[in-house]
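Asks: Below are the chains, spelled out letter by letter.
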Amino acid sequence: DGGITQSPKYLFRKEGQNVTLSCEQNLNHDAMYWYRQDPGQGLRLIYYSQIVNDFQKGDIAEGYSVSREKKESFPLTVTSAQKNPTAFYLCASSPRTAYQDTQYFGPGTRLTVL
Amino acid sequence: AQSVAQPEDQVNVAEGNPLTVKCTYSVSGNPYLFWYVQYPNRGLQFLLKYITGDNLVKGSYGFEAEFNKSQTSFHLKKPSALVSDSALYFCAVRDDEGTGFQKLVFGTGTRLLVSP
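Chain order of the listed sequences is B and D. Sequential numbering from 1 applies to the first sequence in the working numbering. Sequential numbering from 1 applies to the second sequence in the working numbering.
Simulated from the structure, these hints should not be mistaken for lab results. Values in this document were obtained by computation on a predicted structure and should not be read as measured data. You can trust all of the hints, since none of them are fake.
Reference excerpt, derived from the structure (chain B facing chain D, CB under 10 Å, subset only):
1. 37
2. 42
3. 50
4. 56
5. 105
Here a beta-carbon is modelled for each residue, glycine too, at the ideal position from N, C-alpha and C.
Turn these sequences into a full structure, and let the hints steer you where they fit.
Replies: So this is what it looks like as structure tokens:
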């Protein structure tokens, strides 16, 4: 988990609310990623960013939004349009995406909708 | 698209015994394969990866993985299991979408339980 921080560790949301999950890295990595983890389904890619001010949708982007204004920060907003947001959210980073570079993960945020 | 399969939801082994966590892959071209471990309520930790070269890859914490092209497998192994190895293990493969972006595709995970 070193070098990548996520906050908060636990987050509770009421239905209809937007919430923002923080992800910060001090590894000087160009690429950052957001994954969603549900029991028995592995990790699914939500959004990724290869460079500042650029990001792309992953496999399950509906109901989520991101920004990449700084190299070290990649916040994820879970909007009210996300029908089933309760999950464990993981942020990751890697030096670049054009090679087989390893992704390094943060400790995760567990989001629960009340 | 590339994919990996982890056929076992859970593997049980006694401490001191060898362990194997299975992974098979389906790729077009050369596979780039990874193993990660996740402890409860934590992020994933990188264990090892296969890019090319020797079929036996050594990684962190005494783990190794054997790449077998004919069986399209990349099983994770450890000669002597520890109780502290109990965790969730993920196999992953690099998927080149043809856009220059190479994402990781993860298996569904295998829970390893090492009993004292």
